[in-house]
Amino acid sequence: MPSSRATSPPAWPCCEGGAKPDRAIGASLVAIVSAATSGSPSSPIRRPGATNGRGETAEKPADSVPGRIVLAMQGVTKSYPNGRVALRGVDLTIPEGDFVFLVGPSGAGKSTVIKLLIRDELPTKGAVLLDGRDLGRLKRREVPKIRRKIGVVFQDFKLLPNKTVRDNVGFALEVTGARRSVIVPAVDRVLRVVGLTGQADQLPSQLSGGEQQRTAIARALVHNPRLFIADEPTGNLDPMISWEIIQLLLRINDLGVTVLMATHNAEVVTAVRKRVVALENGRIVRDQVGAAYHRED
Amino acid sequence: MFAFVGFSLRRAWLGFWRNGLMSLAATATMVLMLVLLSGLIILLHGLDATLNYVQQEVQVVAYLKDGATPQDTAGLVTSLQGMAQVTHVESVSKDKALQDFLARHPDEAEVINSLSTNPLPASLQINLRDPSDYLDVATYLKTQPAVDRVLNIKQTVDQMVTVIGILRAGGTAILVAVGLIVLFIIVNTIRLAVVSRADEIEIMRLVGASDAFIRWPFIFEGAFVGLLGAGVTIVLLLIGQGQITDFLSGYFQVLPVEAAVTVGQNLILIVLGTGVGIGVLGSYLSVRSYLIR
Ligand SMILES: Nc1ncnc2c1ncn2[C@@H]1O[C@H](COP(=O)(O)OP(=O)(O)O)[C@@H](O)[C@H]1O
Ligand SMILES: [Mg+2]
Numbered sequence: 001m002p003s004s005r006a007t008s009p010p011a012w013p014c015c016e017g018g019a020k021p022d023r024a025i026g027a028s029l030v031a032i033v034s035a036a037t038s039g040s041p042s043s044p045i046r047r048p049g050a051t052n053g054r055g056e057t058a059e060k061p062a063d064s065v066p067g068r069i070v071l072a073m074q075g076v077t078k079s080y081p082n083g084r085v086a087l088r089g090v091d092l093t094i095p096e097g098d099f100v101f102l103v104g105p106s107g108a109g110k111s112t113v114i115k116l117l118i119r120d121e122l123p124t125k126g127a128v129l130l131d132g133r134d135l136g137r138l139k140r141r142e143v144p145k146i147r148r149k150i151g152v153v154f155q156d157f158k159l160l161p162n163k164t165v166r167d168n169v170g171f172a173l174e175v176t177g178a179r180r181s182v183i184v185p186a187v188d189r190v191l192r193v194v195g196l197t198g199q200a201d202q203l204p205s206q207l208s209g210g211e212q213q214r215t216a217i218a219r220a221l222v223h224n225p226r227l228f229i230a231d232e233p234t235g236n237l238d239p240m241i242s243w244e245i246i247q248l249l250l251r252i253n254d255l256g257v258t259v260l261m262a263t264h265n266a267e268v269v270t271a272v273r274k275r276v277v278a279l280e281n282g283r284i285v286r287d288q289v290g291a292a293y294h295r296e297d
Numbered sequence: 001m002f003a004f005v006g007f008s009l010r011r012a013w014l015g016f017w018r019n020g021l022m023s024l025a026a027t028a029t030m031v032l033m034l035v036l037l038s039g040l041i042i043l044l045h046g047l048d049a050t051l052n053y054v055q056q057e058v059q060v061v062a063y064l065k066d067g068a069t070p071q072d073t074a075g076l077v078t079s080l081q082g083m084a085q086v087t088h089v090e091s092v093s094k095d096k097a098l099q100d101f102l103a104r105h106p107d108e109a110e111v112i113n114s115l116s117t118n119p120l121p122a123s124l125q126i127n128l129r130d131p132s133d134y135l136d137v138a139t140y141l142k143t144q145p146a147v148d149r150v151l152n153i154k155q156t157v158d159q160m161v162t163v164i165g166i167l168r169a170g171g172t173a174i175l176v177a178v179g180l181i182v183l184f185i186i187v188n189t190i191r192l193a194v195v196s197r198a199d200e201i202e203i204m205r206l207v208g209a210s211d212a213f214i215r216w217p218f219i220f221e222g223a224f225v226g227l228l229g230a231g232v233t234i235v236l237l238l239i240g241q242g243q244i245t246d247f248l249s250g251y252f253q254v255l256p257v258e259a260a261v262t263v264g265q266n267l268i269l270i271v272l273g274t275g276v277g278i279g280v281l282g283s284y285l286s287v288r289s290y291l292i293r
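Protein chains in written order, with our numbering: chain V, 1 to 297; chain L, 1 to 293.
If you are wondering where the hints come from, they were derived from the structure by calculation, not from laboratory data.
Glycine is no exception: its CB is placed at the ideal position from the N, C-alpha and C atoms.
Treat the hints with care, since some could be wrong.
[Claimed, not checked] Which bits of chain V does chain L cover? Going by a derived footprint, with three or more residues having C-beta under 8 Å, they are:
(1) 69-83
(2) 198-211
[Said to hold, decoys possible] Here are a few chain L residues that face chain V, going by a calculated C-beta distance under 8 Å:
(3) F4
(4) F7
(5) L9
(6) A12
(7) G208
(8) S210
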């Protein structure tokens with residue numbers, strides 16, 4: 001098992017071959033975890049997805065090189081079966097390590113972009129590429145593997161009400177056939193990252209909204225995805241809690257995970273000054289780095 | 001592989017108990033259909049047994065004149081046994097005929113005993129290789145002086161064959177129709193159970209579960225429902241077995257006893273197979289629409 005090495009350098013396939021050590025997710029996760037646990041030393045974070053519980057090594061992700069294109073949409077048009085056109089000729093490229101806000105009024109097509117990226121929908125025209133692979137040409141059985149490279153959270157958390165925090169997070173690994181010996185430490189690690197170690201055995205109904213969203217984030221991270229997508233993750237949360245969630249996403253981005261967040265939250269977007277892609281009526285009307293929520297002239 | 005089977009069984013088990021009401025509905029439907037199925041199978045089996053019995057038992061009865069000597073009788077038996085069409089000949093004396101009659105109709109004993117002579121004739125009961133050879137044998141018998149009259153059983157047999165054939169075809173048609181209707185009901189019941197867990201399936205898809213991981217827990221759950229339904233049905237059948245046998249031997253007078261028991265083992269296998277099969281098929285069909293398009 002390549003992931004069994006417990007001392008540095010982290011044995012991640014993604015970090016071999018020239019990636020700068022400080023960009024290595026393992027190293028960064030350690031930093032985060034250490035920070036979260038006030039400096040206590042911890043072992044490097046291993047990639048739980050590296051083995052799939054059958055002893056096989058998971059598909060080797062491409063090297064984590066900043067600037068490399070993770071996501072691309074090329075001339076994407078999407079019309080739904082009811083005739084509604086949600087996207088019209090969208091071109092978008094997102095390089096590795098980017099943090100992108102996808103903004104725009106309700107109905108602009110933000111969720112549609114996300115559904116296309118996780119291959120929940122297929123484009124009517126154009127192509128969606130993840131890591132250079134055309135999602136429209138994936139074989140059925142390849143779809144789950146692609147989904148494991150993407151962590152996704154939604155406004156409504158989508159937690160299973162009768163499972164504890166720990167089990168909700170572990171579920172994401174369980175359904176891919178991972179063994180308990182892989183699941184348990186991986187879950188512990190992401191719970192530390194999102195700061196929910198203390199609530200691990202509570203049910204979603206016993207958590208605040210922010211804690212529920214952090215549970216969902218932990219579940220999305222437990223595969224160690226290269227891309228993290230959030231569709232209005234703060235839509236149901238009050239401003240203070242929203243800030244905590246944004247801080248968490250920024251930290252996740254610091255680990256080298258590419259983050260795409262669809263949001264309405266103008267304050268947050270303007271304060272953070274990251275790349276902003278604005279949609280209106282299914283078209284990209286603005287794509288600006290270090291931008292505010294609204295156009296600034 | 002091991003993790004997969006363990007996961008699927010665990011989730012199937014949890015799913016079954018968590019959706020108690022739904023599982024109960026599915027199981028109850030299953031029991032209903034399996035009982036119906038068993039009833040039809042038992043009935044068909046009874047018809048078959050009757051037909052075989054009638055076809056194999058005595059096919060030609062020749063009543064002998066009261067004046068026939070034992071030598072006449074013995075000669076007839078010998079010559080009949082020499083015929084290629086005949087498999088077995090049994091000679092029934094007047095006394096034996098009386099005994100048989102009294103055994104079958106004890107109520108009539110007084111009447112019979114009040115007679116001064118035995119009114120029942122001696123007879124030869126002849127089994128044929130093939131019922132259609134009836135005419136050859138009957139023609140021969142009619143030329144024999146010791147023979148009083150030849151009973152035309154062939155007509156009766158032919159009528160029974162026709163009636164039973166119709167009943168069989170009808171029964172089989174009903175069986176198929178019931179099977180299809182019940183499959184439809186079960187699929188819908190299981191579909192309700194699946195729909196009630198659509199959220200869970202959505203989450204599984206989002207986090208990258210393969211189709212197999214989504215499908216098999218439901219298939220196992222369907223198998224549980226089938227197994228449980230079959231179990232309940234079999235218990236019901238075993239409890240009712242006595243009554244079934246009574247009913248059958250009452251209904252089909254000539255049916256060899258214990259028909260229900262001989263049905264038993266096969267029927268248990270059929271019930272188990274059908275229950276599990278329909279449960280699995282129902283789940284498979286229900287969950288299909290939730291998988292990756
Ligand atoms: N499944 C669907 N079927 C039909 N129309 C849809 C569907 N999903 C979204 N739409 C339509 O597509 C447009 C874009 O929707 P959406 O992507 O959800 O926007 P946003 O997330 O920016 O609010 C809207 O007009 C919406 O009504
Ligand atoms: Mg939306």
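Now for the hints, and whether the structure bears them out:
Evaluation of the coverage hint for the stretch 69-83 of chain V: breached, as 0 residues show C-beta separations to chain L shorter than 8 Å, against a requirement of three. Remark: the stretch 198-211 of chain V is not confirmed as covered by chain L, as 0 of its residues place a Cβ nearer than 8 Å to a Cβ of that chain, below the required three. Interface hint status for F4 of chain L: upheld, as the beta-carbon distance to the closest one in chain V is roughly 5 Å, under 8 Å. Checking F7 of chain L against chain V: minimum C-beta separation of about 6 Å stays under 8 Å; hint holds.
Interface restraint check for L9 of chain L: the shortest CB-CB distance to chain V comes to about 13 Å, outside 8 Å, so the restraint is violated. For A12 of chain L, the shortest C-beta to C-beta distance to chain V is roughly 14 Å, which exceeds 8 Å, and the interface hint is violated. The criterion of a C-beta within 8 Å of any C-beta in chain V is met by G208 of chain L, whose closest approach is roughly 4 Å, and the hint holds. For S210 of chain L, the shortest C-beta to C-beta distance to chain V is roughly 4 Å, which falls under 8 Å, so the interface hint holds.
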